[in-house]
Every structure is written in C-alpha cells, then in structure tokens.
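Number of protein chains: 2
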Amino acid sequence: MSEITLTPEQQEQLIEDILEAAQEKDVLRTEKLLKELVPEQIAQLLETTPPELRHFIWEHVEPEHHGEVLAHLNEEVRTKLLETLNREEIEELAEELETDDLADIAQSLSDENKAILLEALDEDERVAVETAMSYPEDTAGGLMNSDVISVRGDVTIETVMRYLRQLGELPDNLLELIVRDRHNHYLGVVKLSDLLTHEEDTKIEELLDASKPAVLVLTPAKDVAKLFEQNDWVDAAVVDSDNHILGRITIDDVVDIIREEAEHAQMAQAGLDEDEDIFTPPLVSARRRAFWLGINLLTAVFAAWVASFFEDTLDKIVALALMMPIVASMGGIGGTQTATIIIRAMAKGVLSGPNMRALIRKEILVGTLNGLFWALATGAFAWWWFGDALLGFVFGAAIFINLVAGAVAGALIPVILDRFKIDPALASGLMLTTVTDTMGFFALLGLATVIILRHSV
Amino acid sequence: MSEITLTPEQQEQLIEDILEAAQEKDVLRTEKLLKELVPEQIAQLLETTPPELRHFIWEHVEPEHHGEVLAHLNEEVRTKLLETLNREEIEELAEELETDDLADIAQSLSDENKAILLEALDEDERVAVETAMSYPEDTAGGLMNSDVISVRGDVTIETVMRYLRQLGELPDNLLELIVRDRHNHYLGVVKLSDLLTHEEDTKIEELLDASKPAVLVLTPAKDVAKLFEQNDWVDAAVVDSDNHILGRITIDDVVDIIREEAEHAQMAQAGLDEDEDIFTPPLVSARRRAFWLGINLLTAVFAAWVASFFEDTLDKIVALALMMPIVASMGGIGGTQTATIIIRAMAKGVLSGPNMRALIRKEILVGTLNGLFWALATGAFAWWWFGDALLGFVFGAAIFINLVAGAVAGALIPVILDRFKIDPALASGLMLTTVTDTMGFFALLGLATVIILRHSV
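Here the protein sequences come in this chain order: G and H. Each residue of the first sequence is one higher than the one before, counting from 1 in the numbering used here. Each residue of the second sequence is one higher than the one before, counting from 1 in the numbering used here.
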C-alpha cells in the first residue's frame with residue numbers, strides 16, 4: 001500500500017516542527033523534517049518565513065532539491081537566496097534543473113554567477129537556456145522547455161520504441177510525442193497510448209493527430225494559459241513563425257501562470273507587487289507602499305477640495321458632515337460591484353462590442369434600481385434621525401445620484417483603461433473612488449445648498 | 001502542417017461575427033461559425049451574451065457539443081439552458097459526457113429530467129454517476145471520473161497491451177495506469193512511457209511507482225488542487241478510506257478549480273456570487289446586491305453615529321468635515337494593503353504560528369512607519385491649507401493613529417475570521433473599513449475636541 005499524503009493539519013504541524021527545530025538550530029532534526037516536504041512546499045515555507053530562519057532552513061534543504069525550490073520561489077526571495085550560493089552549488093543547479101527553470105533563474109543571477117551556470121551546462125543545454133532567455137519571460141518562449149521528444153512520421157512504432165529505450169530517462173508527464181518532418185517542421189502529435197494499442201509495424205503518420213496546433217513562441221503567457229484551459233491540453237509544442245519546433249510547454253508551468261495571474265489581480269487592487277518578499281525589511285516595504293497611499297491621498301484631497309467650496313453650507317448644516325462619508329461609501333460599493341463584474345467578464349476574453357454594451361446597460365439599470373430603493377430607505381432614515389424632511393430628501397437624492405454615478409463609472413472605467421492598455425485591476429478601484437467620493441460630496445452639498453439654503457433664505 | 005490556433009484578435013472578430021449572425025437570425029452562418037470554437041469557448045460566449053441571443057446561439061450549437069458546453073457553464077446559466085432541452089437531447093448528453101460532468105449536470109436537472117438522464121446510462125455509468133452525486137461537489141469525490149484503467153501488478157506488459165487494445169478508445173490525457181491488487185486496493189501507478197521502454201515480458205510490479213499516493217475521496221477540492229500543484233501531477237487516483245479505488249481526477253478539472261477559487265476571491269470581495277449569470281434580470285440582480293449595500297450602509301451609519309457625538313466640535317471647526325473622509329480613506333487603504341498580504345500568505349497554506357506573528361509584527365511596523373511619514377506630510381499640508389498649526393497637528397495625528405489602526409485591523413481581522421471559519425476574502429474588507437472609518441472619525445474629532453476646543457476655551 002502506498003503512503004497517503006499529509007492532511008492539511010498534519011502539514012501545519014510539520015511546518016511548526018520545522019520552524020521550532022530551526023529556531024533551536026537543531027540541524028539534524030531540521031534536515032530530517034524537511035525531507036518530508038516536496039520542493040514546492042519548501043518554497044512556500046521559505047517565502048512565509050522571516051529572513052533569519054529562512055536562511056537557516058535554506059542551508060539545510062537537501063542540495064539536490066535546491067534547484068526545484070528556487071524554481072518555485074518568487075523573484076525577490078529567489079534573488080536573495082541565490083546570493084548565498086557558492087560556485088559548486090551553482091554548478092549543481094545546472095545538473096538538476098530543466099532548461100525553462102534554468103533560464104528563469106539565470107535572470108536573477110549576477111553576471112559572474114550566470115557565466116558559471118552557463119559554463120556548467122553541456123552544449124545543447126546552454127543553447128536551450130540562451131534561447132529561452134532570449135524570449136520575454138511572459139511568453140511561450142519564456143515558458144518552454146527544451147526536453148522535446150520528436151519523431152518522424154515515416155517511421156514505425158517499433159523504431160520509435162527502440163529510440164525511446166535508447167533515451168533511457170524520459171521527461172516527466174510525457175503524454176505524447178511531437179511529430180516532425182525532416183526539416184524539423186511541426187506536423188502534429190502522436191499519443192503514447194496509441195503507440196501501445198497498435199501493432200509495432202504501424203507507421204507513426206497513421207496515428208498522427210494533425211489537428212492539435214503548436215503554440216507560436218511569442219504568444220503571451222496568459223493566452224497560452226487560455227489555450228491549455230480551453231483545449232484541456234497537458235502539453236503543447238512551441239514553434240517559431242516558420243513552424244520549426246523550438247520546445248515544449250507542460251501543464252505544471254501553465255498552472256503556475258494561472259495562480260500568478262490570480263495573485264497579480266488580487267495584489268494589484270491594493271497597489272502591491274506579487275513578486276515582493278512578504279518579509280521585505282519594513283522600511284523598504286513602507287517606502288514602496290507610500291506611493292500608493294500618496295496617490296490615494298491625492299484623490300481624497302481632491303474630493304475634499306470640491307467639498308470645500310460648500311464650506312458655508314457645511315457650516316450651517318452640520319449634519320451634512322455626517323452624511324458625506326455615507327454617500328461616498330454607498331456609491332463606492334455599488335460601483336465596485338459593477339466594476340468587478342465588468343473586469344471579470346473582460347478577463348474571460350470573449351466580451352465583444354454588442355455584448356459589452358448590453359452588459360453596461362444592464363449594470364447601469366441595476367445601479368438605478370438600487371439607487372431608487374436606497375434613496376427611499378436612507379431618505380426616510382435621515383428624516384427620522386435629523387427630524388428634517390428636506391434634509392432627508394437631499395440625502396436620499398444624493399444617494400440615488402451617487403449609486404447611478406458609481407454604476408456608470410464602474411462600467412466605463414475598466415473598459416476605458418483596457419482600451420489604453422492599463423491594467424484595470426490596478427487602477428479601476430482608485431479611479432472609481434475618486435469619482436464616487438467627488439460626485440457624492442458634490443451631489444450632497446450642492447443639493448443642500450440649492451434646496452435647503454435657498455429655501456430657508 | 002497543422003492549423004495554428006486563432007490569435008486573440010481573430011477570436012474576437014469571430015465572436016463578433018457570430019453575434020452578428022445570431023442577431024440577424026442567420027442560422028446557417030451561425031452554425032458554421034460556431035464550429036470554429038471549442039466547447040469551452042462556446043460556454044464563455046454563452047455566459048457573456050444576453051439571454052435573447054444566448055438561446056438562439058445555444059440552439060445552433062452542434063448537438064454533440066451540448067454536453068461539453070454545459071459542463072463548462074456556470075451554474076445559473078447552465079440551469080437555464082438545461083430547461084430548454086427535450087428528452088432526446090438529454091439522452092444524448094448521457095452518451096457524450098464523462099461521469100464527473102454528468103454528476104455535475106444532473107444536480108442542475110429537474111427530478112423528471114434527472115430520471116431520464118440516469119435511465120439513458122448503462123449500468124456501470126449509472127452507478128458511477130450516482131456515486132459521484134453522493135459526494136459533495138467540492139470534494140475529490142465530486143471531481144472524480146469513473147474512467148479508471150487499472151491493472152494488476154502480477155501481469156506482464158504484454159498482457160496489459162492486449163487489454164488496452166481490447167478497450168479500443170482510451171480516456172483523454174492518459175499518462176499512467178493505476179495498479180491495484182486483486183481486491184481493488186490502490187498500489188500505485190505505472191507510466192505509459194515505462195511500458196513503451198521496457199521489454200514486453202516485464203512484470204508491471206517491476207515498473208510500479210508506489211510512491212505516488214492516491215487522494216482520499218472526501219479531500220476538499222482546494223486541497224486536491226494544492227496536491228496537484230505541489231507535486232506537478234497530471235492525474236491521480238481517488239480512493240475510499242479502505243484504499244479501494246473509486247475513480248480518477250485529471251488536471252483539466254483541477255485547473256477549473258483553481259480558476260474558480262480565484263474568481264471566488266475576486267467576486268467575494270465585492271459581495272458577489274461567482275455562480276451568478278452576469279445577465280441576470282436587473283431586478284433580480286439589484287435585489288441580490290442590495291443586501292451587500294445594506295450591510296455597508298450599516299457600517300457607514302455606525303461610523304457616522306460615532307462622529308455625531310462630536311457635532312458641537314464639527315459645528316465650530318467646519319474644516320474637520322473635509323478632513324474626515326481623508327483620514328478614513330488613508331486608514332482604509334493602508335489596512336487593505338496589510339490585509340491583502342495576510343490573506344495571500346494564509347492562502348499559501350503554510351503560514352503557521354511563529355511566522356504569522358512575525359508577519360503581523362512586520363506589518364504593524366510598516367503601518368507605523370507610513371503613519372509617521374504621512375502624519376508629517378499631511379499635517380504640514382493641513383497647516384498650510386487651513387492656516388492653523390493646531391488643526392494641522394490634529395489632522396496629522398489622526399492620520400497616524402488611523403494608519404496604525406488600519407495595519408493592526410488589517411493584520412488581525414483575516415486571522416480572526418479564519419479562526420471562525422469565515423471566508424476572509426468575503427468579510428475582511430467590510431470589517432476593516434468599519435474599523436478605519438470609525439477610528440478615523442473618533443481620532444480626528446476626539447483630538448480636535450480635546451486639543452483645539454479645550455485649548456481655545
């Protein structure tokens with residue numbers, strides 16, 4: 001019977017034990033416990049451990065796992081740990097890792113160490129790593145691996161099987177072989193399972209699946225992920241514009257892309273960088289975040305500046321000061337709901353013109369309906385709270401106006417940002433609150449000035 | 001040479017053409033163009049198309065793709081489209097789909113149609129679908145498929161190859177066979193590539209990889225996703241607590257889980273449900289969102305109520321009304337940054353006690369540093385704006401207090417929610433703004449009352 005994987009509770013316990021052992025500088029116990037984790041788990045442990053313990057743990061990871069762990073670390077943490085490696089350890093990396101990971105890591109190395117790494121590779125691998133490094137990291141070329149096994153269409157299964165036996169070790173997760181012509185052009189794939197279920201004298205071309213396309217080397221990583229998802233691929237060949245086979249992308253790298261995309265969206269909303277070490281020294285971290293706080297301060301000050309034109313009104317009706325944040329917040333929330341729906345629909349990548357317009361119309365209608373409902377509810381509430389029907393009316397009307405404004409801004413801002421190639425996840429929230437704060441203050445104070453003050457004069 | 005997949009621009013054009021054809025009720029053109037999309041793309045198109053056109057397009061999807069399209073639709077849209085199917089079409093689903101998808105879809109069918117579907121299945125499949133339906137959807141049992149190919153360890157490669165040839169069609173993305181004993185207990189796996197590279201008289205047990213564990217049937221889906229990611233699996237066997245083989249999970253279903261998790265996190269932040277049809281009728285959609293707006297209103301009113309105790313102060317210093325939203329917003333942004341870091345670190349699943357405490361300490365320190373910096377900057381600014389040093393001091397001090405409060409709340413709220421098994425993505429933002437709004441108003445108005453009013457009396 002095979003071992004069952006650890007439950008999340010057991011994993012948590014194991015992590016705590018490792019931290020305890022590391023804290024006590026218990027080398028033997030740390031090393032023993034670390035052996036129970038796979039490299040990806042070690043990478044996560046290192047990312048979520050403060051620097052002092054992190055280095056101790058890192059030094060006691062089995063050297064043959066160094067490469068895999070580095071491959072799974074985020075950029076900032078990886079760069080720091082790479083600085084601790086000596087020549088021998090860098091040379092060891094060269095032996096362990098596949099070319100896509102080597103290319104990734106090489107980019108975080110100092111020039112000197114990069115040279116050591118490249119020298120330690122054999123000719124084929126060095127060419128492969130240098131090729132991978134020549135493509136942008138976030139394209140098919142940056143994701144691909146050089147461990148392609150390709151065969152010609154005019155040979156028999158028997159020949160292929162002999163060839164595979166000669167190769168000895170085959171790449172992980174090998175599902176199909178790539179079929180090429182004599183000039184290394186991509187023709188399609190043949191499944192390993194088809195090789196097994198056909199007679200040995202069958203020609204490869206009879207089993208060829210020519211309908212599976214290859215991925216162009218400059219395809220953006222997020223489009224590669226979409227192709228894999230839409231077609232349920234486990235791997236795919238990468239070709240240049242002349243259809244020459246360059247490498248192979250496997251699903252495990254695509255899964256990492258999908259995770260990173262999701263993390264990026266989440267972090268960008270708060271103006272954070274997903275590549276940052278969560279244990280960056282506080283002063284550095286504070287400085288980086290100050291920028292985002294500063295931008296936000298500007299938008300809040302802008303809204304306050306608009307409100308400042310109504311100081312006389314505020315001076316006369318102090319209840320407005322209590323209402324201002326409520327009006328702004330309702331518009332902001334309503335607008336965020338709309339913007340989230342629009343951003344998600346855009347991310348699916350199939351929201352074209354007519355559908356987008358239909359969705360925007362629907363969202364504005366939803367905002368209007370909620371505006372009407374909450375205008376009545378909040379208006380009645382304010383009437384009761386401040387005992388002033390006119391003030392209740394002004395409050396309700398401002399809520400209505402700001403919920404509609406929020407829906408309109410929430411629908412249009414992501415579309416406009418996208419058209420200007422600005423990441424909607426990053427900037428939508430900020431622009432949206434600028435609109436809803438300013439519009440909320442303006443509607444509330446403007447209406448109060450026009451309706452109540454003029455009325456009472 | 002094989003066809004190259006569509007570029008995103010071509011895909012967009014194709015989608016627009018389909019919508020145009022559907023708008024013009026051009027049946028032939030719609031059908032022809034739809035053939036260029038894979039089922040997952042058709043599903044995305046249907047989700048992002050308003051109901052009138054959606055039904056027209058759906059009716060012209062090739063019937064043999066109905067099943068795969070349904071399998072990729074979100075629940076609400078799927079349920080609506082299933083209602084349009086007649087008996088014959090439901091029976092057709094039974095033929096096309098794998099048992100995991102059938103179990104999913106069956107749960108959205110009326111009882112009558114569910115019976116039709118189950119009757120159309122053969123004995124084995126019906127048992128498999130009913131088994132899958134008996135496990136919660138978000139567990140390994142709900143994800144698994146019954147298309148397991150398992151072999152005994154004491155047979156030779158030759159026997160296995162004969163068996164595979166008899167089976168004829170093999171499941172998609174078959175990378176390895178599951179090895180069992182005579183009582184259907186899970187022993188491990190054997191790679192197809194190993195079958196190809198060894199002599200035919202080799203026994204399976206010699207090639208057995210017993211180190212790959214099976215997944216327990218009640219493992220939560222998100223833990224299954226983690227196992228696949230950490231171990232770079234493409235498939236895995238599912239077993240019951242007695243280690244009997246029940247089914248198999250493949251990476252394509254895991255990729256869907258990862259996407260859904262990311263969508264859930266994104267939507268939950270705005271109080272939205274990722275299973276909702278984006279074209280839900282506006283009135284229904286408005287009613288659903290009203291709940292979230294209502295909760296937010298309560299928190300905003302609470303903060304205003306706290307501020308209302310300082311009405312006298314507000315009445316005397318009207319500039320405070322302009323400062324209130326700024327103080328609240330700075331604390332909210334700072335707190336959101338901290339909460340995002342903590343939520344992300346928790347999602348990695350390895351943030352245990354000591355590391356969590358170190359991270360919380362670091363975040364509070366970052367908040368304090370930014371608090372100091374922005375207190376000086378905003379204090380000086382307010383002094384200049386309102387020409388009042390004391391008011392500048394009060395404003396800066398309130399900003400400092402609220403940035404520290406935001407960091408503390410942003411660090412602790414997700415941890416506390418998690419301990420109470422409440423989804424931090426859903427409730428953190430709301431609770432955080434409640435804290436930062438209330439604390440911001442209290443600090444600003446309280447300090448003004450104590451320092452300026454007392455001072456001036």
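Hints may be right or wrong, so weigh each one.
As the list claims (entries may be wrong) - Now the in silico label distances, taken between C-beta atoms and shown as ranges:
| no. | chain 1 | residue 1 | chain 2 | residue 2 | range |
| --- | --- | --- | --- | --- | --- |
| 1 | G | Glu64 | H | Leu376 | 26 to 36 Å |
| 2 | H | Gln23 | G | Asp209 | 32 to 42 Å |
| 3 | H | Leu283 | G | Val38 | 29 to 39 Å |
| 4 | H | Leu298 | G | Asp111 | 55 to 65 Å |
| 5 | H | Glu158 | G | Val155 | 18 to 28 Å |
| 6 | H | Val284 | G | Pro171 | 44 to 54 Å |
| 7 | G | Val155 | H | Glu200 | 13 to 23 Å |
| 8 | H | Glu123 | G | His185 | 43 to 53 Å |
Hints listed in this document are in silico derivations from the structure and should not be mistaken for laboratory results. Backbone N, C-alpha and C define an ideal beta-carbon position, used for all residues, glycine too.
Broken hints, by number:
1, 3
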